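Asks: Same order as they appear, the protein sequences are chains F and R.
Sequential numbering from 151 applies to the first sequence in the working numbering.
Sequential numbering from -2 applies to the second sequence in the working numbering.
Keep in mind the hints are simulated off the structure, nothing from the lab.
Bear in mind the structure is a predicted one, so any value in this text is a computation, not a measurement.
Misleading hints may appear alongside valid ones.
[Stated by the list, open to error] Quick list of in silico lysine-lysine cross-link-like pairs, DSS-like style, CA-CA up to 30 Å: (1) F:312 - F:338; (2) R:313 - R:337; (3) R:313 - F:271; (4) R:222 - F:434; (5) F:315 - F:182; (6) F:338 - F:182; (7) F:182 - F:434; (8) F:442 - R:222; (9) F:312 - F:434.
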Amino acid sequence: MNYELFTQLLVNGLIVGTLYGVVAMCFVLIYKSTQVVNFAQGEFLLIGAWVCWAFLVEYQLPFWIGFPLTLVFMLAFGVLLQVVVLRPMIGEPIISVIMLTIGLSITFQALMNWMFGVFAKPFPQVFETETITLFGLNIQTAYIMSLVISVVIMIGFYYFFKYSKMGLAMRATAFDQQVAQSLGISVKSVFAMAWAISAMVSAIAGVVVGMVNGVSQALATIGIKVFPAVILGGLDSIVGAIVGGITIGVLENMAEFADSQWLHVGNLYTIAPFYVLIIILMIKPYGLFGTKDIERI
Amino acid sequence: MAGHNQMKCGQFRTTYQQDNTIFPTPLARGVAIGSVIFLLFAPLFAGPYFLNLSIQIGYYAIAALGLNILVGFTGQISLGHSAFFGFGAFASAWINNTTGIPVFFAIPLAGFMTLAVGMIVGIPAGRIKGLYLAIATLASQFILEDFFSRAEWFTGGIYGAMANPVSIFGYTFDSDQSFFYIVLFWLVVSYVLGANLMRTRDGRAFVAVRDHYLSAEIMGINLTKYRVMSFGVSSFFAGIGGALFGHYLGFVSAEGFTILLSIQFLAMIIIGGLGSVMGSLMGCIFMVLLPELMEFGSSGLKEIFPALDHGMTYLKEMSIGIAIILFLIFEPDGLAHRWKMTKSYWKLYPFSY
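Next comes chain R alone, as it looks inside the complex (with noise of 0.2 Å):
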């Protein structure tokens, strides 16, 4: 990789388990422990409207570390990724709703569910690859999303279904400080499971999958086994963001989970870099900030053209196409690849070679 002959100067790695950590360098450990320490703290400062955000981000990032497993790790396009994403939630809900499980104990189950269910979707993944997978993928969406709307029993059918806030041992959290924690918790898991995943066996049956599936099962990888636990694994996570997506909202409905999510959720993992676990995050931030963005810029032009105004969920919606457009013409490997370059070029600076 890249990283390893632009590595600081004074450190070596002389052991496979050196060359193998889940952090390249002792500061960039330093920087990930240091950077949760201070969110740890960041709801007794932060405002409303940051909470908001990044209680958002938290619960995409997860579902997006789970298509980066499946789109940049495994090489299988998933076009159906929000419907795991809802199904998680709607699964939550339910579990909670008919069992009296604690919610706490419901986000994971409903992440099992999920795994399962994104299995049984998978299974075609086993048989075809590529442009076919992604347009059965595609299919599942809209089966998913019928089946959302025709299940009540599940999903309360076409008025959606109502989510208990967060809750353990007679404490709830229900405001968004406390809802925080409980986002935090899981995206530091998720990420540290991701990372922690791709050091494995698995992992690497993963990579090897995508980079040659022939030469892969020439080397003895269970090609259908790897690609369908592909699928287990991305649904599991995208049931744990959904799941929290839906207690934190209070009130699950079907129109949520539309292909327009699952593009956005593409557009994620392809605006940070894919094949890149910190890349889901960074490109789950762009993501979740462009819209925020664009209203705040828009507000003050809003007096010069009127236009602007009620145009703003039009624009909302084609600056995710325009940002997917230009970020594959002009950055491919996507923000995680250009933070590794500016980083190497301050490493090197003055001397750029």
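Extracted from the complex, chain F is given alone in its bound form (with noise of 0.2 Å):
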């Protein structure tokens, strides 16, 4: 057994799956909050970094100008989507707004595709990246940027809910609807609030993938990935979207050391987090941490 490659791998899967923890967090928010379950989280990491990307190579703006931008645009990005496209859908059947989320999806992945290319191109340099070797491990300093903006967007996510005005409304609202509404809470702004946080986090994550690896329609799948991370947390709960994401992640690069050692079947990287979720689905469908329905008749 090679050591070296396992560790390796095991560290990149708790960064990797920090990141994917984050994401996964943005969409357990609109779940909670609004009940939609959106399939289109992946473009959001998508259209944030490339929006980053046009505003620091086509505008030529430096970093401290164009990121704060890149939020400004999806916090309207995100309010105007609540507003135009899902505030019609309230009511209607689950299905229906399934279909919706994929429909946006597909959407904004042709529309990103058309305009700025189906190849992956590179980030301009922010910050300087090198490799230092730490406990006799190769790690870059970007992956270590990317972990640290993950704990710090989870901090941030706690305290917000725990002690801001607004997340305490959201909390309120995902909670009980009709009290939060009746004690004053405007449940419309919560749930604008919601898809704009959410689309403003997932295009931090976005620009912190780009950094590493260049922007490209592959970040579109980490929307996909995020489905076995919430499904094992639990989908209604945040705490297990961070437990999900860090698991699924370590679970994917296991899964290639595995391969790599001794299975050799090739792309079971990919494939496996599904495995995992079909098993997780049919054992215990509310996850680990999510609250059970109880339907009555």
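From these two lone chains plus the hints, build me the complex, please.
Replies: Laid out in structure tokens, this is it:
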């Protein structure tokens, strides 16, 4: 057994996993507060990364202007999407809502491919990237940066929902919409906020991935990797999303390790999370931390 | 249903048999039979372009009907329909290539093989529903896609599989004109089967599961049985459609059956109308003609906007998404409902009440 490769892949898994955790958190945020399953989560990353890329490369803006502008754009985009497209769907059956987000997903993906091309384009160098050696492992500083940003986002989410007025309003809405409304919370603005925050944070994740791997269509696949993560953690649990994300990230890399060392089937890296997904759905459909649906007749 | 109170003057239904016919009125039956007879003569005067389009509509419509039975009638969401479509294509080619059974008989056999696979994939459906099922079928789409590129004994791996043209008793259907009849035959058989299924006990059980699964279970409907069965029936039609697709193209490659095709199937039934047999066909016609119409419409604009030329593939993809979104927001009941409204409008014209 190759221990060096093992630890390297384990560390990779943890780093990618926290990133999945962040995206899964955005997904759960939307699901929890608006009961919409967002199949277009990966496209948020894609749009965020491409918009930031356009600001930095096409318009030659410095990073400290271009990045906040991207966030402002994503905020407007999220609110607009919720108001124009998703508000008419409130109260529609679940298949309509799912299909709507799938429709959004293919529309945006095709639009981005058309505007920016299908090939990966490198992100302009924002931070110095070098390879440092930590406990005998070679780690790129870009990866460490991605890990730090992910953890900062997670802590930010924690404080937002624990202490800020908007965060508390969102939690109240998720708990019971009617009671929240009668206490003077504007459910409409909470819905719009949920989409805006989710789009913004996804864009940050997109930019981070873009800095490491370059911006390309492949970013959107993270939106699909999110499903195993959220199902494992439970669809409406923020903690579950983080745990699920890290687990799937590690599992993916362990599958890669097992594949390269013993199995030699190839492509296990991309397909293993989906086998896990089906197994979880069979034995524990509401995930580790999710709440079970109880229906009355 | 809405159709009942807008029946034509002079038509009365006095027995349950009369209320449960396949076609609501003798006129509708006449039109259906008439259009089939018309299509029988169509290859004699239709050009190759029209034939190609109608064959495409034919095999996609069979698969879309299967998906509508699953999604529209049983209320189970599936994001993995194109994997079954692809499985049917590979299975038919494989049966024909390895055992030498004529393609004509290999097509229904492939349908039954796909039925078995669909029931295996449908097993999780016994336990989960709604959104969770959608995600499970999404996973099975990826797993089956991976299987296609891996199983070389079955699919030829990355190289794909050759599919012989349809032949029986020494006669080969290798031209578009003759293949049109094969597709037409299966289309009519499938739609008659599909429409009839909804008149049986099983069909009504599907609808009961969709409308309220707990009440259905209390009434004595075995939920697991009907959910898995619905997956089986749906896969059977997908398999038939896929087999026709494979033998029409003559070559089956694993790349063709992606999630995008699954979404296109879903778009067909949503645009046509969930829970409507004829809606599947209407939605399918819409989805096949949409890119053609866009190509046609943009040919004039190309001189003015040269960017349209290389953006056409993306525009077509976008049009699928935009069509889904617009239909869901403005006409969630689909084209079938719109057609019904148009008919009742003219029936009552000029007094719309």
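Asks: So if I understand the rule, the pair passes when the alpha-carbon distance is 30 Å or less; does residue 182 of chain F with residue 434 of chain F pass?
Replies: Between residue 182 of chain F and residue 434 of chain F the Cα gap is close to 19 Å, so the pair holds against 30 Å.
Asks: Does residue 222 of chain R pair with residue 434 of chain F here, judged by a C-alpha cut-off of 30 Å?
Replies: 21 Å, holds
Asks: Can the restraint linking residue 312 of chain F and residue 338 of chain F be considered satisfied, given a maximum Cα separation of 30 Å?
Replies: The hint holds at about 21 Å.
Asks: For a C-alpha distance cap of 30 Å, please report whether residue 312 of chain F and residue 434 of chain F respect it.
Replies: Since the Cα atoms of residue 312 of chain F and residue 434 of chain F sit roughly 29 Å apart, the hinted pair holds (cutoff 30 Å).
Asks: Given the hint that residue 313 of chain R pairs with residue 337 of chain R, test it: the Cα-Cα distance must not exceed 30 Å.
Replies: Answer holds: residue 313 of chain R to residue 337 of chain R is near 29 Å, not above 30 Å.
Asks: Residue 313 of chain R and residue 271 of chain F were given as a pair; does the straight-line alpha-carbon distance stay at or below 30 Å?
Replies: 24 Å, holds
Asks: If you draw a straight line from the CA of residue 338 of chain F to the CA of residue 182 of chain F, is it 30 Å or shorter?
Replies: Holds - the C-alpha atoms of residue 182 of chain F and residue 338 of chain F are around 14 Å apart, at most 30 Å.
Asks: Can the restraint linking residue 442 of chain F and residue 222 of chain R be considered satisfied, given a maximum Cα separation of 30 Å?
Replies: Given that 30 Å is the threshold and the Cα spacing comes to 23 Å, the pair holds.
Asks: Could you grab the alpha-carbon distance between residue 315 of chain F and residue 182 of chain F and see if it respects the 30 Å cut-off?
Replies: OK: residue 315 of chain F and residue 182 of chain F at ~17 Å, within 30 Å.
When the structure is compared with the earlier hints, no violation turns up for any of them.
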